[in-house]
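Undergrad: With the hints as a guide, dock the two chains, each given alone in a separate frame, to form the complex.
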Amino acid sequence: GAVVSQHPSRVICKSGTSVKIECRSLDFQATTMFWYRQFPKKSLMLMATSNEGSKATYEQGVEKDKFLINHASLTLSTLTVTSAHPEDSSFYICSAREPSGHPGGEQYFGPGTRLTVT
Amino acid sequence: GNSVTQMEGPVTLSEEAFLTINCTYTATGYPSLFWYVQYPGEGLQLLLKATKADDKGSNKGFEATYRKETTSFHLEKGSVQVSDSAVYFCALKGGGTSYGKLTFGQGTILTVHP
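In order, the protein sequences belong to chains X and P. Our numbering applies: residue 1 is where the first sequence begins, and numbers increase by one. Our numbering applies: residue 1 is where the second sequence begins, and numbers increase by one.
By construction, these hints were calculated from the structure, which means they are not laboratory data. One or more hints might be untrue.
To be verified - The calculated DSBU-like cross-link candidates involving lysine-lysine, where the alpha carbons are at most 35 Å apart (straight line), are: (1) X:64 to P:49; (2) P:101 to X:41; (3) P:68 to X:20; (4) P:49 to X:20; (5) X:55 to P:52; (6) X:64 to X:20; (7) X:55 to P:101; (8) X:55 to X:14; (9) P:56 to X:42; (10) X:55 to P:49; (11) X:20 to X:42; (12) P:68 to P:52; (13) X:42 to P:49; (14) P:56 to X:20; (15) P:68 to X:42; (16) P:101 to X:64; (17) X:42 to P:101; (18) P:52 to P:77; (19) P:60 to X:42; (20) P:49 to X:41; (21) X:41 to P:60; (22) P:101 to X:14; (23) P:68 to X:41; (24) X:20 to X:66; (25) X:55 to X:66; (26) P:52 to X:42; (27) X:55 to X:41; (28) X:42 to P:77; (29) X:41 to P:56; (30) X:66 to P:101; (31) X:41 to P:77.
Said to hold, decoys possible - Quick partial rundown of chain X residues pointing at chain P, CB under 7 Å, derived from the structure: (32) 44; (33) 109; (34) 110; (35) 111; (36) 112; (37) 116.
From the three backbone atoms N, C-alpha and C, an ideal C-beta is built for every residue, glycine too.
Next up, chain P with everything else stripped away, as it sits in the complex (with noise of 0.2 Å):
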């Protein structure tokens, strides 16, 4: 079956920084890709997507290219601010029997200190 596979947090920065979280999916078929983040308190938003292999998606500085030769679609921001503070989930939502299901990674807790 389908599979998403975060890096394990918490993830700590400083303001600034450059970060990288990353993605690795299983699939059958040509799944579409995403990540949605979770700010305290509130429900989950649609970051970025991409639905086929090459294309990037971007939104807020962050950016992810979903790779299919390496089943991985890792998010990307050159400088994170204190308001990205949040938890990140990967997801993918497949086709065939699966079709319109997101299939969730664990999340990643991302803190950015001043």
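Only chain X is shown next, with the shape it has when bound in the complex (with noise of 0.2 Å):
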């Protein structure tokens, strides 16, 4: 099946600074990818969907300004916490669409990446 990778897996950040995440499409190119956040024991929230050359779209009480998105090519999007705080510490979760027209259009997963702020 289709793999999506996340870097980095892990990361501890101090309060104040930025930390950009990666979600990559390893053999198909994904037009659409979308940003999750899950909290311990809760679901996924969706925070935003991302399109190859377009600004990303934010689900309604996310901050676009806090989580800079960019999708600047067909394999690639990024995830970026600005100004960081403790309250930002989370699981972060990407997906990846098939193409439109692609039999099935599914989503796949990244293997997700724990941010804790200090």
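TA: In structure tokens:
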């Protein structure tokens, strides 16, 4: 099946600094990628939809100036958490969707990135 | 809006026991329904799906039937194994303004003991 990677898998940063997380589709081109946040013992919350070559679409309540998303190529999307605070500590998961028209059009998920802000 | 409700966990079973994880949904239109599994330290993997009413999705011994009349998509397996220990997420993909977006339930932790 299709493979999506994330880097880094874990990151610890100090409060006030910025952190970039990469999401790559390894064996297919993804015009659309999604970024989720997963709280302990809670579900995945969709943060934003990232479309290659255009601005990301953010869900209600998600600060677009804090969570910067860039989808510069068909295989790479990045999430930058700016001026991180301890409350931003969470598990961030990306997914990449097969191109429209492709059979299934499924989303494939990355392994997640554990962010800890101290 | 769309929502998914799963039974509270965690669920602890002995090997070869019967598994049911309940899932109900609220959605406009005709959503597609999914079960995803997350093994420890890994990302989510699609386990099975159903795209229309009365469809049955199945994979690796797991089954779920899309019941429109009860808005449910319960996950079942006749005989669980230790290797089935994971977190299971029910999800729907809706149409309209939510086109293409997945809405997840809260997840159910399953632990299977030998």
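Undergrad: Would you list, in rising numerical order, the hints stated earlier that this structure does not obey?
TA: Of the numbered hints, 3, 14, 37 do not hold.
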